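Peer 1: Just need the whole structure built from these sequences, with the hints factored in.
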Amino acid sequence: MRRRCHYTAPRLVQALDAVGVTPGRSVYAHFDLAALGIPEEVLLGVDLFTVVHKAMRDAIGERDTLVTPAFSYSFVKQEAYDPATTPCRVGAFGERFRQCAGVVRSMDPIFSSAAAGPRAAGLFANLPRDCFGDGSLFRRLEEEDAIILLAGARFQHITALHAVEQEMAVPYRYRKLFCGEVRHPEGCRREAWIYNARLMDDRCLHDFSRLEKICRDRGLLAEQQVGLGMVAAVSLRDLFQTARQEFGGDPWFLARGPADDPIEIERQRLPPRVFSTMLSHNASMREIVETLQPLPRDLVSDGMDAATDCLKKITPMTVHQYPSGTPCFTWTVPERWACHRAALMDENGKEIFATNDHPLHVLSYSLPFSGVVGREELFRHLHSYPDRPDRIPFIFKPYERDWGLCCQDAVKRTLTNDTYRVKIDTETSCWTMKVGEIFLPGDREETFLFAAHLCHPYAANDDLSGVAVLIDLARELARRPRRRFSYRFLVGPETIGSAAWLSHNRTVWPTIKSGLFLEMLGSACPHSFQLSAAGNSVLDTLGNMMVEKETGAWIAPYLMVIKNDERMFNGPGIGIPMASLSRRQKNGLPFPEYHTDADLPDAIHWDNLEASRDLVGRIVDELETGDLPVACFEGELFCAGVPGFDYGQFGYPLAHGSPFLDGLHTVRMLARRGDAGFPFDTIRDALQYLHQQGFIRFLDKGRLA
Amino acid sequence: MNITQNIIHIAAQILGVPPTALDAGTTREQIAQWDSVRNLNLILAIEQQLGIEFGDQEIMAMASIGEIAAAAVKRGAAE
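Heads up: the protein sequence lines correspond to chains W and A, in order.
Just so you know, we're using our numbering here: the first sequence kicks off at 1 and counts up by one.
Just so you know, we're using our numbering here: the second sequence kicks off at 1 and counts up by one.
Since the hints were made in silico from the structure, they are not lab data.
Note that the structure is a prediction, hence the values are computed from the model and not measured.
For every residue, glycine included, the Cβ atom is placed at its ideal position computed from N, Cα and C.
Any given hint might turn out to be false.
[Claimed, not checked] Computed footprint of chain W on chain A; a stretch qualifies when at least three of its residues, placed anywhere within it, have a C-beta under 8 Å from a C-beta of chain W:
| id | stretch |
| --- | --- |
| 1 | 29-40 |
| 2 | 55-65 |
[Unchecked claim] To spell it out: a stretch of chain W is covered by chain A in this simulated footprint if at least three of its residues, at any positions, have a beta carbon under 8 Å from a beta carbon of chain A; those stretches are:
| id | stretch |
| --- | --- |
| 3 | 43-56 |
| 4 | 85-93 |
Peer 2: Quick look at the structure:
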């Protein structure tokens, strides 16, 4: 019996020609080979891929570029991506095509494509690590007005439309970071890619049917029946333009809907954990630390929200919310993370440790995982501190996709079996990252900024000690009826919190004259003061002045003490000088309990915390009450022109101080200038004389105190 | 050998998987190698070996070993 065929290769070529797949334009082709049925050539023994591939080449010619999906979803599946060997997971054509001679494959570890033709290499060169963002393959194809071809595939399969969704910032998707290894010709490289992922709710599934109808009604979609299915084509430029127009009226135009607030959708899927934590309005620093310490304050988490909310209620705090996926300079706001339970068991299911015993037994931002693993594999994901064998480490990897557990090294050493069971029940969701800001305006716009991070779960000294000092200072300053300078206080997640606030508040940068980062202020050791990158800002000078009097204090250049949020403020393009005040040991760990389950309120030296609070208070007092001279001359002062000016006594100190006669530096600070500083009386007398002669004026007071 | 076992035998050869990896409930989504090209080859091989011809709608609808077996019986293959 001779089987009946559904179409022939010449008919396919004819249909491709009729829908506009002709020489001169690149083609991005989606295939569903089964949908067209059986071509005659297959019944004659020719392979189906060969039939369709040849038809494509006959239609577009050798001088044009054919691109097809070769998506591997590698990073989403936590796998490495090797363009040469990783299989295409979206159909037979892509999988066969990517292996043909002369075909290149893009380095996108999630949505790779395969291409052959003169523009293939150019289309794939130096792709941004953002699957659908600016400069992505689909935007490049739009620029050259490529054709989208659907050979048996449905309109719903047009992946390129996710680029328009990202451009239009649709509410049901968010930029999600994926990490993994990519094999390049020169070797493996760890990379981070952004994929504009959808929320895990059926309302957020893509539905292109409305756009399909519009394209058909407007004659933009050319269609031909071939065999059992259809061959259709649309200009990518027309497609994107039409989609953009329709988005203007409905941001859910390409989704199933109905529309809803994305955070509300995620709230329904993963209801927030509720905490009963409360702070009284006049809570002491100790009460702040003791109350907030038990909260699971992971970077973006219900615990962080609860802690921020507590602080908001006792201060004039504004809470800024940055949705997951928000770009902040080169950073991306992470998702909310929650751990329901994590445990390590032996082969028989007997529990060795679990988060019920201590919540730090799970890696912060661990991926969910369930399975039996060999000891070697387990140890790659099991974190401990060999130098502190009885402590559970606090380890966090919010920007890497990995699963992990944490335990005492003493426990790890007892794990001698060949296999273990791991069960990690964690979830992530699109949420908003909170950054609390207290802004206290003063008579002058010039602002000083204090920052502390809040995101170390179950920890006291690192990081609540800094938060407590910051909040106490802010409350005290807020009570003052009038302030000379303006102040900003930031409390949020480490680094990304600063990145988010800075990137969304560019207009206030010029007003911020310098900043001070606060942390680890409850340690046993004396103060450590780290200068800003510039090293000569107002708070550099003031911090230096206050700390140097302390026995055993450690004053060090930028990044020689700690490495934290100050890097964002001091960073290129921002240049806000931020110094850091902490109490860390000069050698070894910052403090013995650092990043462990032992960083508890019990280990805080409360008298030291109070002393740190007093120190920052003295810094602010000097700013608020010190005399602020301003030069009424330009350039270097011609001292011989000042009648009676004692050049021998005052000339040298004045030369060092005069660049800082700017209304920000107090007389005491000017006395700090020069290699070893100058006697305060000398500077004061010099400035007093110059004031009498009209070369100096004093802000606020007009005379020396 | 009943029809399901027969189809499993043919499918194992076409898809390049051991017969033990397949049963009546196995669907296309479960077998990575079961792509559209191999699906077409599988249909043609079954038609040829069993002496039947599936209808167009059946070809489009069959998504599991069990569905193929049921369609084959409907088209006259011996159970």
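Peer 1: Give a verdict on every hint.
Peer 2: Here is how each hint holds up against the structure:
1. 29-40: holds (count 7)
2. 55-65: Holds, because 3 residues of the stretch 55-65 of chain A bring their Cβ atoms closer than 8 Å to Cβ atoms of chain W.
3. 43-56: Per the Cβ count (4), the hint holds.
4. 85-93: holds (count 5)
Figure legend: structure checked against the earlier numbered hints; every hint is met.
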